Amino acid sequence: GAGVSQSPSNKVTEKGKDVELRCDPISGHTALYWYRQRLGQGLEFLIYFQGNSAPDKSGLPSDRFSAERTGESVSTLTIQRTQQEDSAVYLCASRSRLASEQFFGPGTRLTVL
Amino acid sequence: GQSLEQPSEVTAVEGAIVQINCTYQTSGFYGLSWYQQHDGGAPTFLSYNALDGLEETGRFSSFLSRSDSYGYLLLQELQMKDSASYFCAVQKQAGTALIFGKGTTLSVSS
Numbered sequence: 001g002a003g004v005s006q007s008p009s010n011k012v013t014e015k016g017k018d019v020e021l022r023c024d025p026i027s028g029h030t031a032l033y034w035y036r037q038r039l040g041q042g043l044e045f046l047i048y049f050q051g052n053s054a055p056d057k058s059g060l061p062s063d064r065f066s067a068e069r070t071g072e073s074v075s076t077l078t079i080q081r082t083q084q085e086d087s088a089v090y091l092c093a094s095r096s097r098l099a100s101e102q103f104f105g106p107g108t109r110l111t112v113l
Numbered sequence: 001g002q003s004l005e006q007p008s009e010v011t012a013v014e015g016a017i018v019q020i021n022c023t024y025q026t027s028g029f030y031g032l033s034w035y036q037q038h039d040g041g042a043p044t045f046l047s048y049n050a051l052d053g054l055e056e057t058g059r060f061s062s063f064l065s066r067s068d069s070y071g072y073l074l075l076q077e078l079q080m081k082d083s084a085s086y087f088c089a090v091q092k093q094a095g096t097a098l099i100f101g102k103g104t105t106l107s108v109s110s
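Those protein sequence lines, which keep their order, are chains A and B.
Using the working numbering, read the first sequence as starting at 1 and increasing by one per residue.
Using the working numbering, read the second sequence as starting at 1 and increasing by one per residue.
Honestly, the hints are just simulated from the structure, not real lab data.
Please note that the accuracy of each hint is not assured.
Covered stretches of chain B (in silico footprint by chain A; criterion: 3 or more residues with CB under 8 Å from a CB of chain A, positions within the stretch not fixed) [said to hold, decoys possible]:
{"#": "1", "region": "44-58"}
{"#": "2", "region": "84-98"}
{"#": "3", "region": "101-109"}
Everything numeric in this text was worked out from a predicted model, so none of it was measured.
Think of the CB as a built atom: it goes at the ideal place given N, C-alpha and C, for glycine as much as any other residue.
Extracted from the complex, chain A is given alone in its bound form (with noise of 0.2 Å):
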């Protein structure tokens, strides 16, 4: 497709669990960054991915987060052993080498209970 793509769209999981949260990014997008909304609020930052290698991870809330990116294209962002406090929608975006503008996908809403 032609824009961001995240799955799944809709995550339900038992506190404890772990989750998997992918991202696909436009095609040829060297940045991608991943970020955290809870309900009426902004846009936390979590990673920052340019290539494959994050040179900016400190907004992950706590060692039990992690991502990776591979191929310079897919990344997925894992969380261990969810709590409650984990629910959000979890937003990717990605952006070219030149330019300001940051791509959003549609994000993926968690929901830990």
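Dock chain B against the given chain A, drawing on the hints supplied.
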């Protein structure tokens, strides 16, 4: 720390003009962006200012004053479809992630 302040809510009528202000305090500044987000939707890019002054894109304009750490988004000829949340976001260095404000909910009525 970093902070971006913008009003939480703004209401207006169709055809009116609205200005959404954003003041920021960040350790570093490269540019100010504005994004629109409809309920349940993904944020979409509206504008970007790296230099002082006004940028105009159709009905939307954005202004930046780096010396005042201040910017605004101006929406003209408001339409019902403009009802959404509007976020200002600072980029501290080229290519890095955005720091978002909490968003301004704009409600446009007929």
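Hint check:
1. 44-58: holds (count 4)
2. 84-98: holds (count 7)
3. 101-109: Our answer is that it holds, as 3 residues pass the Cβ test (under 8 Å) against chain A, meeting three.
Of the numbered hints stated above, none is contradicted by the structure.
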